[in-house]
Every structure is written in structure tokens, then in C-alpha cells.
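Undergrad: Line by line, the protein sequences give chains X and A.
In case it helps, the working numbering puts the first sequence at residues 20 to 351.
In case it helps, the working numbering puts the second sequence at residues 151 to 498.
Be aware that a few hints might be false.
[Said to hold, decoys possible] Simulated pairs of lysine-lysine, DSBU-like, Cα-Cα distance not exceeding 35 Å:
hint : chain 1 : residue 1 : chain 2 : residue 2
1    : X       : Lys-295   : A       : Lys-280
2    : A       : Lys-232   : A       : Lys-356
3    : X       : Lys-311   : X       : Lys-295
4    : A       : Lys-263   : X       : Lys-180
5    : X       : Lys-295   : A       : Lys-198
6    : A       : Lys-356   : X       : Lys-180
7    : X       : Lys-84    : X       : Lys-163
8    : A       : Lys-280   : X       : Lys-311
9    : X       : Lys-167   : X       : Lys-219
10   : X       : Lys-39    : X       : Lys-94
11   : X       : Lys-163   : X       : Lys-39
12   : X       : Lys-311   : X       : Lys-219
13   : X       : Lys-57    : X       : Lys-163
14   : A       : Lys-330   : A       : Lys-198
15   : X       : Lys-311   : A       : Lys-198
16   : X       : Lys-295   : A       : Lys-356
[To be verified] On the chain X side, residues computed to face chain A include the following (Cβ under 8 Å):
hint : residue
17   : Asp-143
18   : Ala-299
19   : Leu-308
20   : Leu-310
21   : Asp-326
22   : Ser-330
[Unchecked claim] Ranges of calculated distance between the beta carbons of each label pair, as one might list FRET restraints:
hint : chain 1 : residue 1 : chain 2 : residue 2 : range
23   : A       : Glu-289   : X       : Asn-153   : 54 to 62 Å
24   : A       : Phe-317   : X       : Arg-274   : 44 to 52 Å
25   : X       : Thr-188   : A       : His-298   : 52 to 60 Å
26   : A       : Ser-281   : X       : Gln-211   : 35 to 43 Å
27   : A       : Phe-317   : X       : His-125   : 54 to 62 Å
28   : X       : Pro-191   : A       : Gln-455   : 48 to 56 Å
29   : X       : Gly-221   : A       : Thr-492   : 39 to 47 Å
If you are wondering where the hints come from, they were derived from the structure by calculation, not from laboratory data.
Where is the CB? At the ideal position from N, CA and C, for every residue including glycine.
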Amino acid sequence: MQQSSSGSIPLRQFGRHPVKISALGLGGHHLGDAADEKAAIQIVQEAVDGGITFFDNCWEYRRGKTELWMGAGLKGRRDKVFLMTKTCPHGRDASLALQMLEESLHRLQTDHLDLWQVHGMAFDNDPELFIRPNGAAEALTKAKKDGKVRFVGFTGHQNFKVHLAMLNTGFPFDSAQMPLNVFDSNFRSFEQQVLPELNKRGIAALGMKPFSGHGDAIGAGVLTAQESLRYAMSLPVSTTITGIDSLEILHQNLRIAQNFTPMQAVEMTALRDRCKASAADGRYELYKLSLKFDNPESRIAHGFPLDTQQSEVRDMLGAEQNTGHPFPEKHF
Amino acid sequence: MGSAHDPNRRNFLKHAAILGAAPFFPEGHMPKQQPQAEQVPSGVVPKKQLGHTGVQVSALGLGGYHLGSVGTDRAALEIVAKALDHGINFFDSCWEYQDGLSEERLGKALQGKRDRAFLMTKVCSHGRDKSVAMRMLEESLRRLQTDHLDLWQIHEVVYDNDPDLIFAPNGAAEALSAAKQQGKVRFVGFTGHKDPSIHLRMLEHKFPFDTVQMPLNCFDASFRSFETEVLPEVTRRGMAALGMKSLGGSGEMVSHGAITAHEGLRYAMSLPVATTISGIDTMEVLDQNLQVAVNFQPLTAAEMQNLRDRSRYFASDGRFELFKMTTKYDGKVGRQQHHFPTEQELPL
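This is chain X alone, in the form it adopts within the complex (with noise of 0.2 Å):
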């Protein structure tokens, strides 16, 4: 196993703001996945080392297990990385934001972020709900006024037209979040539809997805590992979120980072053909179609049913701590 010790990934600019941020991001959520607390501390200071800087992470996933894993392993580098989470009020109130902004402070073991993103927009009446009055979006304003957040954006992987919905709220977001990967491409694209507003408004375009959510279609042999990443990474993007969930396949994203070179505009339409047939459908993008990949908070805020067969919301109801209230409790 090559060694990625002490490489670098290229820098890019965030948005129209003058900071720069690393091409690749690690993902929090995957890290969840890592053996262990001592894993995915490992996982978090090779990345650093490696020349990632920027960092994913989201108050709801695996119930905080990622945030005090992320937390434990950036303890002492803190002011390398520019670290990232969101909030889930999911259409709720200001005020349940604000409570999971400082839950998320202290887990991650700092006093502010440099990003914080209104989490999983999915739902056709999102937008409405956080541009409301008391809604997520004074939350935002209130939490950068307060010096506890450098910039904010949001997020969200299943509709095209709620980050369009989204950005005519007229909100001033610093980034939005979204799936790109050449089967976006080719499918109720994010790509072509949000992707250039985004890029005209100067707001950061942060990638997710990029090996289309599981990596089914790398399973398939549609494509690589490696081209799949790099065709996200040659799109106008300030950096491309990947999930890693074990120094196998931080080393692996690491390569591909460290020696990258954009694809050229012919290699890229060549893959976005090979692909064509099989996006057509959305048989690789299942979160565009389904609630899989959405989060039972989120499904719980909205009166959506539960897939009791999926591990999160195992986990939820399962947790010790439930209290039957998707809400936080205030034990900190």
C-alpha cells in the first residue's frame, strides 16, 4: 500500500470568498463506518496529513457518533482544516437550529465552524418552510452575526428544482451542496440545471456522490472508481465531499487527489455517452427517487413513514437515548 503521508491536494477558491479549500473533502458520514473511535481517529489525521482540508460532518448522522469521532481526531489541527456540518430542523424553528449548533460545537471540540449548511433539503415545501418566519434561515443569519460561523449554505440530494426553489428565496448562502457525478449527468441533472446558477451567484458549489451514492455502477462495471471521481472533480466546484470509511479507501481517494488533472471536455462527453443508457432510468441514483437515502428525522419532521429495515432508523428507535422526540435534548 502506497503511503500518503505528508501529499498535497489542490486548492481551490470558496465561492467569491478569498479562502481555499481542499479539491477533495472527507465525508462524515461514512466515517461512522470506521471500526472504531481509534479508526476513524486515524482515518481524520492521515486525511490532514495527506492534504485534506475540508470536512464534512451533519448533527443527525449515526446520533453524533460522527461528530465526536471527527471531533477526537482533529483535536490539535483544528486551524489546518476548514470544518463543515449542518443542522436539521428540517422545516422546524430557529430555535431547534441554534440547540443543534451548540450540540455540535461541543461535539466537535471547537468554539465556531467554518461552514454550517441547513441539512437535506428534499421535501417540495422545504424551501418554504425555511425562509419562513422564525424558520432555519434566521438561524443562519443569527449564528454568523454571532461570530459562531464563518459562512453558511445548505444541502440536499433528491430534487433539482428545491435547490433552484432554494436559491429564490434570495437567501445570501455562501455554498450549496448537491450529487454530481456523470450519472447526474444524464438524470434530473444537478449538473445542468443547478450548477451553473451557482457558479454565476459566486456561491461555493460543493459536490457530493460522486461515485453515485453506493458505488453500484462501479460494481456493475459501467465505470471506475477513478473515473467516476474524476469527472466529478473536473466539474466548477470548490471541492468534491467522498465518502471514506477506512485508510484503504483514504488512501485510494488520496491518489486519485494527489495526481490529479482535470479531465478534458472530450474525455468527459465520451463518459457522460458510456453512461447514458443505464442513468436513463435513475437505477443509480436511488436517492433521487426514493426516501432511501433520506434521513428519518427528516421523514419523522415531515409525516413521511419509516423504513424500519434500514440501519439509521434501527438505530433511532433502538437508541438508548431515545426519548421518543426527534429533538435534542439538553444535556450539555
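Please arrange chain A on chain X, whose structure you already have, making use of the hints.
TA: What follows is chain A alone, placed relative to chain X:
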């Protein structure tokens, strides 16, 4: 609608209750109390024109999926007999419902009564060739014990590339034409529950569909709306609109208390459709529907607006129209053909 009777449903509801997710009702959103069990009035379900075909069908149609999920053959046959007695002549089924059980039951129930029924079933080639569709037609005719269908529709046009596959050379559209020409079916159409844009792309092909089936209910009016986007197009082209999912497919709208069953059905039947196909799996549900449909009086425009306004609070994220939002109602055969995970692997 593979999982309209999902055995997990009760679990969902139970957990939702544990988690305190039962919907709360803001001021003015509470539905009126359902009146206590009424008798079915004497009279019949009125007939309506089926588009430009010159044929009339009953304003309420009997849905085939639920017929296939009735506990016993005998109970299913009794439902069909009573429906016929009250003037229902539109009968829906589908090649893939319960692996043929729905069609077989309908065939038995209509023995000796075939000429009293307007019989529809659907073909499930899901992107495959004309020959597959024609083979399914023969199988449907055999199960239904008849030599012709009144209406044959392409089932479950719900995947984004379905229109391309259906109109590809040697695709299902050619099967519809051939079957009509051979006199095996009188009329043809298509159906789907997912997205108005997919229906509109089907219509762009200028194929002479006689019917178009779609979900129509008071929630649809505020969310990815077939009523707003597709129904006027279908009507303008002289095709017959067939409504379904008047209560959202599994009645979540009613069980969560957002509307009453009578309100939901009355709204759907008041739209400019030829018929509203309703899933009926017990005599109680049949009676409940007949209370609305016998001597049917449409809602006024103001009453319809009132119901839309009241529903909007619940409708705007799609929570009661999961068939548009998730794969929950997408059937087994279509998933296989499109390389999607099974219902067990991807229930929502």
C-alpha cells in the same frame, strides 16, 4: 402498486405513533366527523362518456388490485356481483396483479355477465418488445375468460425513460395498434402514478390513445399535479381521463384524519373524468363508495376549492402521495426490468 397492502404498514404507523409523529391539526384543518354508517341509497351509479369513443362507463370503477387482495375468491365474487347490481360496469385489472389472481377472479365473477361489463386490463412489458406484450394479452384474455377486452392499457409508465422504450421500434405502442387491428381490444391507453412530466412525454408522441389513467385526488391538486398539468391536455385531445388513488392509494389521508373517505371520493369524481377507479376489498368499502356514487352529485367549484385549501397543508411535501415520492408503489416486474432493487430491499 405492489405494496398497497404492505404488511409493514401497521409497523410504520405504530412506530410513527411512538415517535410522536401523528400529524397535528392546525386551526381549521380538522375534517368533519364521518357520518355514522348509512344505507346505500336505491338507484344506480350514473354513466359518463368515455372520451370520444361513443361508449359510456360507470362514474365509479372497480379497481383490480384490491380485488386480488380480498381474502377469498367467494368474497371477491360477491363484491363484483353487488357492484354490477348497482350499475358499476367499469372493471379494472392488470396482468401482473397478484401474479394473475386478480384477472382470474374477475374472469370467474363475470362468467355469463361479460356483456354487462366494460373490461379493462393492463400489459406489463415495462420496456420490452411488442412480442412480450402480445403474449401477455393472450394470457390476460385466457385468465379473464373472454375473447376481447374493452380497454387495454400500458401499465405503470413511471420511469423517466419509459416513453422512449414504449415508442422505440418494435415497442409496446406497436402492440397496442396490432391488438386493436386484430379486434382483440376495442380501445387502448396507458397508466402511471409517478410524475406529470412522464405522462406529458407520452402524449407528445401523438399516438391515438383512447384513455389515460392517472392519480387524481384533492392532495394531487397541490403537489406535482396531474389535475393541473395532465388532465386539461387529455381532455383537450378528446381522450378519456381515468382517475385513480382518490384516497392516495392506501387511504393514509383518511387514516391520518386529514379528510373523510366520502370527501376524498366526491372530490375525485367531481373532476372531468370518465370514471374514478377505486380499490374495494370489503363490502364495507363498497357500501361506503356506493353511498357517494349512487345518484352522484358533483361538488360545487367552491366546495372543491375549499377541500383543496384544506388539504394543502398536508399535501405540499407529498407525504400522502408516496406513489409520486418514493418507489413504494412501483411493482415487481417494472423494478426488475429497470434494474431497481426489490420491494424488500427498497421498500420506500
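Undergrad: With reference to the structure, classify each hint as holding or not holding.
TA: Hints versus structure:
| no. | hint | result |
| --- | --- | --- |
| 1 | X/Lys-295 with A/Lys-280 | 24 Å, holds |
| 2 | A/Lys-232 with A/Lys-356 | 39 Å, violated |
| 3 | X/Lys-311 with X/Lys-295 | 23 Å, holds |
| 4 | A/Lys-263 with X/Lys-180 | 50 Å, violated |
| 5 | X/Lys-295 with A/Lys-198 | 44 Å, violated |
| 6 | A/Lys-356 with X/Lys-180 | 28 Å, holds |
| 7 | X/Lys-84 with X/Lys-163 | 25 Å, holds |
| 8 | A/Lys-280 with X/Lys-311 | 33 Å, holds |
| 9 | X/Lys-167 with X/Lys-219 | 28 Å, holds |
| 10 | X/Lys-39 with X/Lys-94 | 21 Å, holds |
| 11 | X/Lys-163 with X/Lys-39 | 19 Å, holds |
| 12 | X/Lys-311 with X/Lys-219 | 32 Å, holds |
| 13 | X/Lys-57 with X/Lys-163 | 33 Å, holds |
| 14 | A/Lys-330 with A/Lys-198 | 23 Å, holds |
| 15 | X/Lys-311 with A/Lys-198 | 42 Å, violated |
| 16 | X/Lys-295 with A/Lys-356 | 25 Å, holds |
| 17 | Asp-143 | 6 Å, holds |
| 18 | Ala-299 | 4 Å, holds |
| 19 | Leu-308 | 6 Å, holds |
| 20 | Leu-310 | 4 Å, holds |
| 21 | Asp-326 | 5 Å, holds |
| 22 | Ser-330 | 13 Å, violated |
| 23 | A/Glu-289 with X/Asn-153: 54 to 62 Å | 58 Å, holds |
| 24 | A/Phe-317 with X/Arg-274: 44 to 52 Å | 45 Å, holds |
| 25 | X/Thr-188 with A/His-298: 52 to 60 Å | 56 Å, holds |
| 26 | A/Ser-281 with X/Gln-211: 35 to 43 Å | 36 Å, holds |
| 27 | A/Phe-317 with X/His-125: 54 to 62 Å | 58 Å, holds |
| 28 | X/Pro-191 with A/Gln-455: 48 to 56 Å | 37 Å, violated |
| 29 | X/Gly-221 with A/Thr-492: 39 to 47 Å | 45 Å, holds |
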